[in-house]
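Q: These are the residues of each chain, in order.
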Amino acid sequence: MLLADRMKSTARIGREETAADPLPGGSDRRRARDAVGEDLVQHVTALRRYALLLIGDPSEADDLVQEALTRVLVHTRAWKPVRDLRAYLFTTLHNVFVDGHRRRRMLRDDIPVDSLAGRLATPPSQMDRLELRDLAKALGKLPIEQREVVLLIGLEGMSYRDAARVLGVPIGTIMSRLSRGREALRHLTHRGAALKLRVVK
Amino acid sequence: MSWFMFTRDRPVEEADLQAWVDDRLTPARRRAVEAHLAFHPEDAVRAQTYREQRRLLAELAEGLPFEDARDFRPELLEALAARLDRGRRVRRTAMAATVAGLLAVGGATSWYGMATRTADPPITQAAVPDLLFDPSNFTNIEEVAAEEDSIDWLGKHLVGRSLRRPDLATLGLRFVRGSVLRNLQTPAIRLVYEDERGSKLYIFVGVVRGEEEPAFGIVPEGYVSLQWRSGPVVFALIAPSDSPQLVYAMELVSASVGDEQSQPMEAAAVAPSEETPAAEPLEKVAVPPADGEPAPMPAATDSPPTVVPQGGEESPTKPL
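Residue numbers (the numbering used here), protein chains in the order written: chain A, 625 to 825; chain B, 2 to 321.
Every clue listed holds true.
Pairwise CB distance ranges, derived in the manner of DEER restraints:
1. Val722/A x Glu76/B: 23 to 29 Å
2. Ile768/A x Glu35/B: 30 to 36 Å
3. Glu76/B x His811/A: 43 to 49 Å
4. Val698/A x Glu35/B: 44 to 50 Å
5. Leu697/A x Arg31/B: 38 to 44 Å
6. Lys765/A x Arg52/B: 18 to 24 Å
7. Leu697/A x Val177/B: 27 to 33 Å
8. Arg695/A x Lys157/B: 51 to 57 Å
9. Pro28/B x Pro794/A: 24 to 30 Å
10. Ala45/B x Val698/A: 48 to 54 Å
11. Arg74/B x His811/A: 34 to 40 Å
12. Glu769/A x Val160/B: 54 to 60 Å
Calculated from the structure, these hints are not laboratory results.
What you are looking at is a predicted structure, and each value in this text was computed from that prediction instead of being measured.
Glycine included, every Cβ here is placed at the ideal spot set by N, Cα and C.
Full structure from sequences and hints, please.
A: And the structure:
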């Protein structure tokens, strides 16, 4: 489970950090630092999840996340505190993604998300499995801009405003991408069609 | 978020539908959208399908194969955690008032556009009605643990009215803490709200008797102060001066005072305008309407530039 991984990961970071902390009376600091580590691990987990669904290929996704984290590390200075780590990480990821897209054309419009659905760690029920496969496939067919918005809002639960900041577009653009993305997904999945039939009858 | 703030009598639009899917509507607007859906089965099917998409997306994500989640770039993460932690400590100590930030988004005019303003405004300079506070006494702020305590405490000084903690969630503002302000001539509390990026809004609430008139203090640079009065209750709202939707915030705050017997949202007790004292810096900010429901936009057009709600972010979309 992701949560378990997250917690183990947090614990590890906490331990090593504190072991290297020779200051006396550092328990408050340790707690603070553990909290930072915990936040970070949670955000990075979300970042990886997002990147994976965005580009479909696990190793490329992790490369993207790594590059984003590296960029954050390089640009973060102690005198410039990060206020909203999640937004900052996602914004950086988006920038790296856009740069990479321009530079290497590493993305195709058709992302092999399908293979991903076949590798789900948690075996869902037969019905859900079908639906999930459908969804993953449909997601891969969305234009990348719509995919970003659908994932940030629909999966990461970002506010429209935050999504607008992360992607650097006006909130109206977010809304229209969201609307078009969801509608496209509906048409691309059997689920949408089935529900439509059921209700219309 | 601003686009659905002032929508009470607007037709339901595509953006409303999406916001319904994401559960980001005010209760009033949600009712409006659900009423629309009841009469538009095509839209209802669509909206339900979108909700189902959300659920499936979460399920898909939950099952993603992160074999190496525990060991993802450990050195990088540790270095980053240390760097971020150092940033936090520096911020807390020497650089408390720094105005710099990695997230500084050029030209941002929003709650989190102020994200870089890391420190609370110096409390001794904050603009609060004089009768609420004497700066020399202001060192003795008693922080109360439970969020409702300060409200309850102040409520005891109100006769015949109820007091609730203002809910500013629709503005993206989260309640952080309440404090009872001791050593003042009148009972008063301070409430602190924060947006997602740490930009803060302060609300001072005091109870006065008789006709005492609030005076104005000094606002820290970059902050705006709005003060108004609702019967015996005096409010001061202090926020970054480029905050959007301050008028709406005023209304939400005003709505926290109610007649004892009435429903919270339906009965904001708002003083008639002639009772609103000392409105010089604020006279152009419309007094919240007496019917209590958050008003539609008109207030904004009369507002001075610093408090014009930033509703201008591309109002989405076509009517359905």
